[in-house]
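Novice: Quick note, the sequences are listed as chains A and B, same order.
Anchor point for the first sequence: position 109 equals 109 in the working numbering, and the numbering is continuous, going up by one each time.
The working numbering runs 1000 ahead of the 1-based position in the second sequence.
Think of the hints as simulated: they come from the structure by calculation, not from any bench.
Check the hints yourself; a few may be wrong.
Unchecked claim - These stretches of chain A come out as covered by chain B in the derived footprint (C-beta under 8 Å, 3 or more residues):
id, segment
1, 23-35
2, 54-62
3, 84-91
4, 115-125
5, 143-150
As the list claims (entries may be wrong) - Interface residues of chain A toward chain B, partial, derived using beta-carbon atoms under 10 Å:
id, residue
6, Cys68
7, Arg71
8, Ile97
9, Ala98
Beta carbons: idealized from backbone N, C-alpha and C, even for Gly.
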Amino acid sequence: MSAKGAGNEGKIETVEEHPLDHILRQDRLPHIWCPGCGLGSAMTCFAQAIERVDIPLKKQVLLSGIGCTGRIAGYVNVDSYHTTHGRAIPFATGLKIANPELCVTVFSGDGDLFAIGGNHFLHAARRNVDINVICVNNFNYGMTGGQQGPTTPVEAKTSTTRYGSFEHPFNLPYLAAAIGAVYVSRWTTLHCRHLEKSMEKALQKKGFTFIEIISPCPTGFGRPNKLGEGLEELRYYREKSVIKNDASWDELELHMRGEEPVVVGDFVDTERPTYLELEEQMLRAKGLMK
Amino acid sequence: MVQDLLTVIVGGEAGHGVKKSGNVISILMNELGRYVFEMDDYPSLIRGGHNFSVVSSSTSPVYSHYMSADIIVCLDERSVDMHKDRLKDGGSLVYNADTVTLDSGSGLPMKTWIKDIKGIPLMAGTIGVAAVSALCGVEFSFLERIFRANYPRGLEANVELARIVYERMKDDEGKFELTTAETPPGHLLAGNEAIALGAAAAGLDVYIAYPMTPASTVLHYLAAFSKKLGMAVVHPETEIAVINMALGSAYAGARTAVGSSGGGFALMHEAFSLAGMSETPLMVILASRPGPSTGVPTYTGQGDLDFALNVGHGEFPRIVLSPSGTNQAFEKAAELLNLVWKFQVPGILLTEKHLGESWMTTSIDPESVEITEPSLYGGPLEQYGRYEKTDSGISPMLFPPAKGTVVKASSYEHDQKGITTEEAEKIMEMQEKRYVKEKAIREEMRNLLTVATHGEGSKSLVTYGSTTLSALEAVKNVDDVRVVQVIFLRPFPDWALQEALSGSDVIVAELSISGQFENLLRSKGFDVSAHIRQYDGRAFDPPELAARVREVTQ
Ligand SMILES: Cc1ncc(C[n+]2csc(CCOP(=O)(O)OP(=O)(O)O)c2C)c(N)n1
Ligand code: SF4
Ligand SMILES: [Mg+2]
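Given only the sequences and the hints, what does the whole structure look like? Please build it.
Specialist: Below, the structure written as structure tokens:
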């Protein structure tokens, strides 16, 4: 990257060429995200991961729905399609069926993937479609003004829960595992190395993979909940986080405040025939395919 | 120089507190006894990019903002590039001397000052407000009072900054001598707030919405005041859930509304048609932005007219209306909620970002709104049928649980009792019953303001929605042109429009490339002699619109 995001100072610093320059679209930078937002880190990890894996960039396709997270697809220099809000997963399924050669990744927000798009997530995982879903969980709808979403913790204040949220949020890794994802992990944006490794693994793995990235959103979530600006919010998540790959599902619940840790790690890594493999198996068994 | 109309532009990077300072300038002007129109221009709700606010004010009503300004405050360098050409002769340019050097205008070392008092970047906006206030010769104590009410956090620091600004701008103090009045002409309200309040005044019990710009602020506003208003406000997981929850809520007897923009409302079509079939009252707030698809979320447009008029498969009556400014938005929102309950139909309040997210001096009286109760069943319970045939087509309602009977409603075609049917005669009977309601609605509309004529003139500039605001401001400087606003769009008030036009030349102005509104008028048999269209996501700038009107009417 040769440009730094627009910070408080509003200045663009230019540095020498960066090894990821060809992956991030220079003409689109600096990015639009708020100072302190975790999305820049999440995107950098992804850029690093697609660079490192043994899959040519020309075979990578990045899809997103609508939201702050969804903007990532526009910045990464691979083929991309910015779908409508919540619909990236069915689009990805269609793309994979039409051209199984492609490595298809959906990068989107918690609201996009689990509120409006929740149904699609369930069915793609159930079918074990060979796509990767990366969700940036910032506990709210960042782009539209900090509303409550399906991952907002109980007690959290948002622009639609002025007195605090009382709905039980999704436990995303638990959900993904329960409906059949073959690879499930969770990291915060401070766990760069782990996150990047997980992304590499997900990209190379056959079947439906899911990564949850816990990310600060100072504008929509940190400030109303007095978690401070981005860095402080991130520090808060880091201090609370413990790596535990064999965590039980209830340990993966996330809480607003209190003693409970944020458990991160690689929770599922298993094998299951994919949607297209199953179709082929069936056709062969019935003698409809040689 | 004594000045009545004054336009101020404040521009800066998101995070400079631009919107807030636009708002405080509006409040200041309103408190000085001036009518205000404020338009906020922002590329997205998140922090990146350039934001600016335009505040036009005067001692007589200002219906829309102007893009040429008397005072331009640039909090960063980009604002200078973007806005400097918009400065009127004799105007004042105030800029951040820490980031730009110019040979004219007032350069204020904003960053340095903020640093000196250990402030935050957001305070650049405060400096902007103080500079405008000084240029307009507002007494410092008056400004301090405005600050006290609007910057509860960091008040001392903000006041101190303002003092520094006043000191520095001493020579230019009072350069613009504003006309003022003793009392504020009204309250500042955004269009979406006026809509929300109108619905609330007409007895809205439940508001359900999934956020989507530019409709989201209805949700925020009602969520913030839900306790005070005694209203339930729900934000479900998708627009499909939104509208189906709303139908459930209305079936239980609660006056319910939903709100969204084009993409979100598109997801509601199936259930909108269900509302038509099941005769479930439902109010929809449809706030437009330029499409198709995700389009341009934070800008304005009128490309959704055909969509609003024709949504839903099958044939059923519905009401579509579109208000111009905040006062009318309040009245028409209340009226629509009453109408959908009276006629048991879905109804759409079609609006645009230009109304929904702009701030206007408003005078409304919630006490003036009467709540029309729906027709309720009072006959023998064992005979109750949810879809009983009547002359008006309106069947008396009962809400579950209704002791002694059952309330059966259905998405299938049904008989008078709500039981599914495929019988030819019964299908016809129900189709006709629903169809008759349209006639009843038309009758009712004869007592309502369906077309508004503003001003006088032998030619008519015909508009709908918030484009009416731009037109009202434009014709102030055009001879012999009146503005005719079509408020009800379906059923179409052809009788009222005929009367309003009375054979005059018709010029249609709208924010649409294909001229959907013009086509609607033509389809209803009206001649159009000229049209003016714009489709760049912006509202018409009144002087530009005036010039185009002159061009086509000369
Ligand atoms: C059908 C539809 N409904 C609503 C919207 C408005 N909208 C855009 S992004 C968004 C929420 C984004 O939240 P999330 O997916 O968590 O992303 P974040 O911004 O937090 O990264 C919403 C509601 C839309 N574009 N389309
Ligand atoms: S609103 Fe939140 S998620 Fe969006 S850019 Fe700002 S900090 Fe990031
Ligand atoms: Mg989110």
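Novice: Identify every previously stated hint that the structure contradicts and give their numbers, smallest first.
Specialist: 2, 8 and 9
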